[in-house]
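Asks: Each chain is listed here by its residues.
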Amino acid sequence: MSKTSVSQLIRDKKIILCCGSGGVGKTTTSAALAIYAAQQGRHVAVCTIDPARRLANSLGLTGIGHEAVKIDPALYGGGSKGSLHAMMLEPKRAFDMVVEKFSPNDEVRKRILNNAVYTSLAGTLAGSQEHGAIQKLHELDKAGKYDLIVLDTPPTQNALDFLDAPQKMVDAIDSPAIQWFIKSFQQTGTFSLKLLSISASFVLKNIGKFTGMGFIEKIAEFFMDFQHLTASFRERADEVYARLRSNEVGFLIVTSPEPMAIAEGIYFYDRLIESKMPLSGFIVNRVRGSYGDPSMTEGTKQVNSVYQHLKKSAIAQQPDYVLQALAQSLSHNLGELNTLALSDRDQLAVLRKHIQNNTPIIELPRFVEDIHDTQALRRVVDLLSQGGIGQ
Amino acid sequence: LAEQEKITEKRLTLFLGKGGVGKTTLAAAWAMALSRRNKRVLLAQVNAKERLTRLLGVEKITDQVEKVKDNLWAVNMTPEASLHEYGLMVLRFESVYKLVFENKMSKAFLRAVPGLDDWTMLGKTWFHEQEKLKDQTDRFDHIIVDCPATGHGVIFLGAPKAVAKVSPDGPLTEYALKMKVMLEDAAKTHPVYVTLPEDMPYNETIELRQKIEGEVGLPKGRLVINAIHPHVITGDTAAAYQALLHSDEATQGMLAPFLQAAQRRVARRHLQDGYIQKIEHSFQDMHITKTPFIASRSFGSKELEQIADLLERAWIDRVPMRRGL
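Protein sequences appear in the order of chains A and B.
Residue numbering for the first sequence follows this note's numbering, beginning at 1 and increasing consecutively.
Residue numbering for the second sequence follows this note's numbering, beginning at 1001 and increasing consecutively.
Derived by calculation from the structure, the hints in this document are not laboratory data.
Fair warning: this is a prediction, and the values are worked out from it, not measured in the lab.
Think of the CB as a built atom: it goes at the ideal place given N, C-alpha and C, for glycine as much as any other residue.
A couple of the hints might just be wrong.
[Unchecked claim] In silico DSSO-like pairs for lysine-lysine, Cα to Cα no more than 27 angstroms straight-line:
id: 1; chain 1: B; residue 1: K1178; chain 2: A; residue 2: K209
id: 2; chain 1: B; residue 1: K1049; chain 2: A; residue 2: K168
id: 3; chain 1: A; residue 1: K183; chain 2: B; residue 2: K1107
[To be verified] With the C-beta cut set under 8 angstroms, the calculated list includes, among others, these residues of chain B facing chain A:
id: 4; residue: K1018
id: 5; residue: L1091
id: 6; residue: P1114
id: 7; residue: D1199
id: 8; residue: V1232
id: 9; residue: R1297
Here chain A stands alone, though its shape is the one from the complex (with noise of 0.2 angstroms):
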């Protein structure tokens, strides 16, 4: 990606969305641009739902919550014309929230949010990240408070999910299937296998074989109160996903060069590619750079090289098992450093294989130090502003 692109993107965009899979630097790289974008005097909120609080330690802040918590210009570089503000969404609270908006009335809410099933099993309940983070997507850009949103994407172990999890949830509750299951318990408040046909009876006897009845009572109460919602949920990811199609929005993949990384993220760009996403670019984190020639690694024998250039250096009086010794080592470490450089290098190669070729890829390099405080995450966003490392 040039520096043109990255400068375009955030001057451009009113949404960046940032996706890829776990632990890629995802919440680092939206903190980074959320902070670029406000350097450059646009008012910024950086959203992100995150189990592990990673964006308060990228900011290096503790206690950031539902709410926009304005951030300090002197942290982050800012000046007088932007700002920012960030929020980070815990996964149950933001779903409690969508349960709260959407339910139809207050029993319906209560219920809902007391039900066993909910309250020990919301987490598994595939979509609910996505559901909250759709949700505070709309909210905020409804309120039109900020130039550009940068939404961290939740932590999935797929990166497809977000794009799938949502329509997945509310698909699964309005199917025929569920449909039937709350109808035949909706009659008598329990299950009258009566009302059913023999042969589903005989599936729901034997399910119930399996599970117990009692269980699949309290799932059965759980959907029948859900299903009041699928409605609207089905309603507000529509339009947030129509949203998404518009040219305001560029999807960012995060990716690093670990092969599982990059494979994910070559799945990723199919998917947005296929769904017709805008999509902006790659930023490729962790890419780790060569010493002197690229070539010399592991396998290459230079030992002997250093060590004839360490008898003529300023050390050369040192005895020589010394000099041997750092010659050994010295050359030995450069080797190493250059392999996995090489290893990064064979990756973005297959990135860049699979990918069209306008298709602006970003590198970053890897830090000493995991980015994990204000002075760290400023060097990124120098980085970012630069356009990355060169190619």
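Assemble chain B onto chain A, guided by the hints.
Replies: Frame of chain A, contents of chain B only:
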């Protein structure tokens, strides 16, 4: 620490940690180390992306338990296959199973039940822990589970508790309670937390342990600090190295890139040392093992063997770790 020392006596070892810290590698290495010592080992992944085949250098790993090497079996558990096995166990006949489970209605229903996926996969783990051969000996001496990353790992192991909370009785709950008993049994179950000497993994591991011991109720386990960089410069060469850094060689000529590379690695190790200290302090009541960073162009079975050798020495022979780590 005496009780924790005996990892070789634990039947169920659970590898836990943040994504990208090396859980899968360490789980596979430990499975390999035990199998080399003539223990029958099952290495189980939890609906994971396939990468074990390359690590182990085997052809394929599926959702069925299959022997991949001498004494080593592997499986990538999936909710579908695990549910099938459980269904068959309860309903006894494949034909009945098909009638009940393989229709559109049931499939959609079961897929929508929250928590059921984790329950069935943990159930499969429990089943293999109990599994006997015809002569009534255990089918596996050890079961090693490569658990899902942080948050999902907690949910996965917490599934029995969650299910038991939803419904006070029924077969689901009955089995859930059995799984819970297994997980809480310190003589059987041993969590291995894997972390890196870096800021975020360090903080997450502290939180993870609190949740695993507090919310899930697992016994105390052990900790692995993974990917520790080597000391490039040692006592003998330190003075010469420092002198070189203060000379012109540090910035120009043939030696400059070598010195820059060394400085980079030294700085990295220095930072790691700070976190190693912090980790050792926060986990002082736990057995800690340190494993080295391995530099390779593509991490495969050769690299895995190195880690397996190391765990074999440290956890089976209990030879103190080599210096520098």
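Asks: Determine for every hint whether it applies to the structure shown.
Replies: The hints, checked one at a time:
Using a Cα cut-off of 27 angstroms, the hinted pair K1178(B) and K209(A) holds, with the two alpha carbons roughly 18 angstroms apart. Between the alpha carbons of K1049(B) and K168(A) the distance comes to roughly 21 angstroms, so the proposed pair stays at or under 27 angstroms and holds. A C-alpha spacing of about 17 angstroms is found between K183(A) and K1107(B), which places the hinted pair at or below 27 angstroms, so the restraint holds. For K1018(B), the shortest C-beta to C-beta distance to chain A is roughly 7 angstroms, which falls under 8 angstroms, so the interface hint holds.
The restraint placing L1091(B) at the interface with chain A holds, with a minimum CB-CB distance near 7 angstroms, inside the 8 angstroms limit. With a cut of 8 angstroms, the hint placing P1114(B) at the interface with chain A holds, because the nearest CB-to-CB distance is about 4 angstroms. Given hint, D1199(B) at the interface with chain A, holds; its Cβ is 4 angstroms from that chain's nearest Cβ, closer than 8 angstroms. Below 8 angstroms, beta-carbon pairs count as interface contacts, and V1232(B) has one with chain A at about 5 angstroms; its hint therefore holds.
Annotation: R1297(B) was flagged as interfacial toward chain A, and the flag holds, the nearest CB pair being 5 angstroms apart, inside 8 angstroms.
In this structure, none of the earlier numbered hints is contradicted; all agree with it.
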